[in-house]
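Asks: Here is what each chain is made of, one letter per residue.
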Amino acid sequence: MNEMTCDHVLDRLPELAAERVGEPDAGAIRAHLGGCAACAEAWSVVSLLAEAGPAPAPPGLEARLQAAVRSDQARTAAPAAAAGRRRSMPHWRLAAAAGIVLALATPVLMDRMGTESGVLSDDLEVAEALTESLPSPWLGEDEGMVAGAPVLDGLSDEALEQLLEEMGG
Amino acid sequence: MEAARRGDPAAQDRLVSRHHEVAWRVALGVLKDEDAAADAVQDAFLKAFRSLDGFRGDARFRTWLLSIVVNEARGALRRRTRRRESGLDDVGPVADTAAPVDREVVIRDEARRARALVEDLPEKQRLAVTLRIDEGLSFREIGELIGSSEGAARVNYHHGIRRLREKMTE
Chain A
1 MNEMTCDHVL DRLPELAAER VGEPDAGAIR AHLGGCAACA EAWSVVSLLA
51 EAGPAPAPPG LEARLQAAVR SDQARTAAPA AAAGRRRSMP HWRLAAAAGI
101 VLALATPVLM DRMGTESGVL SDDLEVAEAL TESLPSPWLG EDEGMVAGAP
151 VLDGLSDEAL EQLLEEMGG
Chain B
170 MEAARRGDPA AQDRLVSRHH EVAWRVALGV LKDEDAAADA VQDAFLKAFR
220 SLDGFRGDAR FRTWLLSIVV NEARGALRRR TRRRESGLDD VGPVADTAAP
270 VDREVVIRDE ARRARALVED LPEKQRLAVT LRIDEGLSFR EIGELIGSSE
320 GAARVNYHHG IRRLREKMTE
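Protein sequence lines correspond, in order, to chains A and B.
Those letters in the first sequence? Residues 1 to 169, per this note's numbering, in order.
Those letters in the second sequence? Residues 170 to 339, per this note's numbering, in order.
Note that these hints are calculated values from the structure, not bench results.
Glycine included, C-beta positions come from ideal geometry on N, C-alpha and C.
Heads up, a few of these hints could be off.
[As the list claims (entries may be wrong)] One side of the interface only, derived from the structure: several residues of chain A facing chain B at Cβ under 10 Å: (1) Ala38; (2) Glu41; (3) Leu49; (4) Gly53.
Produce the entire structure from the sequences given, and follow the hints as far as they go.
Replies: If you want it as structure tokens, here you go:
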């Protein structure tokens, strides 16, 4: 039979109380308890605690937690879904809207180029930003910049559709 | 787990159902107040489900969840100002010796007394004892939860049992 140290026996008393120790270990533990007063007292404490059992959770706690999780998940999922709808806007619509913005901005820029050279550099930067990286048919949905994207960001599908309608697009 | 991560409400309900009792007991072990423990467990579950994407799966979900519970409970304890009174007065030693002694009643009363004495242990010893006896956690898992090494968790458990032994024989 295995000789067990006090520390080893103490470690396994909860398993013994839960009847999860097989032979020959269980026999070795019981033999040790029979000859060690300190471990025998520890066994009485552990077995009493196991007898009392853990405190049960209050009635209704499970339902309360499930309801709280559902509510919280619904709340955090809604804005994410809306953002996803905006991000997943088809490229052709973004390209069309970017074209519209360019069409609107270009006459203004051309006019200002002829009269106010002082603000020319700022306007050119705006124009460059608008013309930068038009969507490529080879780019994936999440790749690449779309011209005018910062301008279009935040516009709802309905607002874009209205813009396209007004421009005859 | 994957279904819960995708936001499947039924899968999330199942995780709550499976782990809410042990989560509550761990929080109670820190806070020693049932209402505060319930609040801490709720906060912990909400945080856990919001962070499910960050759960790598290299540890058991229960251990990961319980570490969140312990953090929430300790945070609540720090914010709390009221001290909970010990429940020792509610459980005395055993039956009236003038009446015939019912062995089962004696054992039941002694068991309740042992449970009450656990609440007076220092937090790490209390958690090490209850997590080992009630939940069957390994010392490595207990160490992760109480913020110590596996060896220190074992020492806390041993010291806790020894202290309870001394108190029971006083």
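Asks: Hint by hint, note whether the structure agrees.
Replies: How the hints compare with the structure:
{"no.": "1", "hint": "Ala38", "verdict": "holds (8 Å)"}
{"no.": "2", "hint": "Glu41", "verdict": "holds (5 Å)"}
{"no.": "3", "hint": "Leu49", "verdict": "holds (5 Å)"}
{"no.": "4", "hint": "Gly53", "verdict": "holds (8 Å)"}
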